[in-house]
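Visitor: Sequence:
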Amino acid sequence: MSETVPASSRTVATLDTRVQPPALDPVTELPDLAELKAGPERKAAFLSMLVPLVQAENARIQRDRNWLVGVHTRINPLTADEKQRLARLCDDYGVQCSPGKVSQALLTRVNTVPLEMVVIQAVEESGWGTSRLAKESNNLFGMRCFSAGCGIAQQGTSRRFQVFDSVRDGVGAYLHNLNTHRAYAQLRGQRAALAATGKSISAEKLIGTLHNYSTSPGYQSQLLSLLRTNGELIRTHGADSSFAADSPA
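So in this note's numbering, spot 181 of the sequence shown is number 204, and the numbers just go up one at a time.
Don't read these hints as lab results, they were simulated from the structure. Beta carbons: idealized from backbone N, C-alpha and C, even for Gly. Possibly wrong hints are sitting among the right ones.
For lysine to any residue, the following SDA-like pairs were computed, each having C-alpha atoms within a straight-line distance of at most 20 Å [to be verified]:
no., residue 1, residue 2
1, Lys-158, Phe-187
2, Lys-124, Thr-153
3, Lys-60, Lys-158
4, Lys-66, Lys-228
5, Lys-228, Pro-100
6, Lys-60, Thr-153
7, Lys-158, Glu-148
8, Lys-66, Thr-252
9, Lys-158, Val-92
FRET-style restraints, in silico, Cβ to Cβ [to be verified]:
no., residue 1, residue 2, range
10, Gly-93, Ile-175, 38 to 46 Å
11, Thr-259, Ala-103, 44 to 52 Å
12, Lys-106, Leu-47, 46 to 54 Å
13, His-199, Ser-239, 17 to 25 Å
14, Cys-173, Gly-117, 14 to 22 Å
15, Gly-221, Asp-48, 34 to 42 Å
16, Leu-256, Asn-99, 27 to 35 Å
17, Asn-99, Ser-189, 34 to 42 Å
When you get a sec, could you build the whole thing from the sequences and use the hints?
Guide: Written as structure tokens, this is what we have:
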């Protein structure tokens with residue numbers, strides 16, 4: 024049985040579902056950022072490349088969320104095409120749905136992640152896009168794989184990491200991981216609770232739920248430190264992006 028969704032928890036940001044985002048270069052080959060001097064120049068190049076991709080993927084998720092809210096609150100029953108779209112979303116997000124019903128469980132998963140948090144994790148995991156793994160895999164978030172021979176190997180260890188056709192694909196996979204994997208149920212619960220009470224969903228509030236993302240001691244503290252140092256710069260790039268008008272982040 025589907026649950027009633029409180030109005031305040033239905034959406035974090037409002038985007039017109041008819042708006043189509045501008046075409047973006049998905050970045051199939053990460054630029055050699057190590058050639059740039061560490062500091063403002065490298066940071067600017069990294070953010071100019073990554074921020075629009077994060078905003079694009081967040082906007083894609085937000086459009087799906089807005090659609091879900093719209094059909095959930097509508098009096099008329101779903102059409103056959105709408106039922107198919109809903110079934111695809113339920114399958115994609117790993118939620119068992121009653122036919123034609125939008126559940127709270129699905130809305131808890133179909134939601135955006137703060138721009139600053141996404142970027143800060145990419146900074147930490149890829150060294151501002153300069154690590155060998157990031158360069159060879161388009162994987163800025165240190166996402167591992169576990170089947171034999173998958174992805175690429177980390178030198179000197181048995182660990183293997185996912186490979187993506189583009190940086191944008193990697194961003195999408197990272198967001199999907201946070202929105203579906205059981206390890207990040209606390210993040211999704213915290214996000215839903217904040218939305219339900221009308222509070223802002225900030226990077227600072229969600230970073231505290233990432234204890235399962237890394238086994239490194241002090242990982243969350245390091246992310247918060249990077250956020251304090253670079254948060255304003257990230258927000259500036261977000262506001263300057265040609266995608267900003269369509270992005271909820």
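Visitor: Please list, smallest to largest, the hint numbers that this structure does not respect.
Guide: 2, 4, 5, 9, 12 and 16
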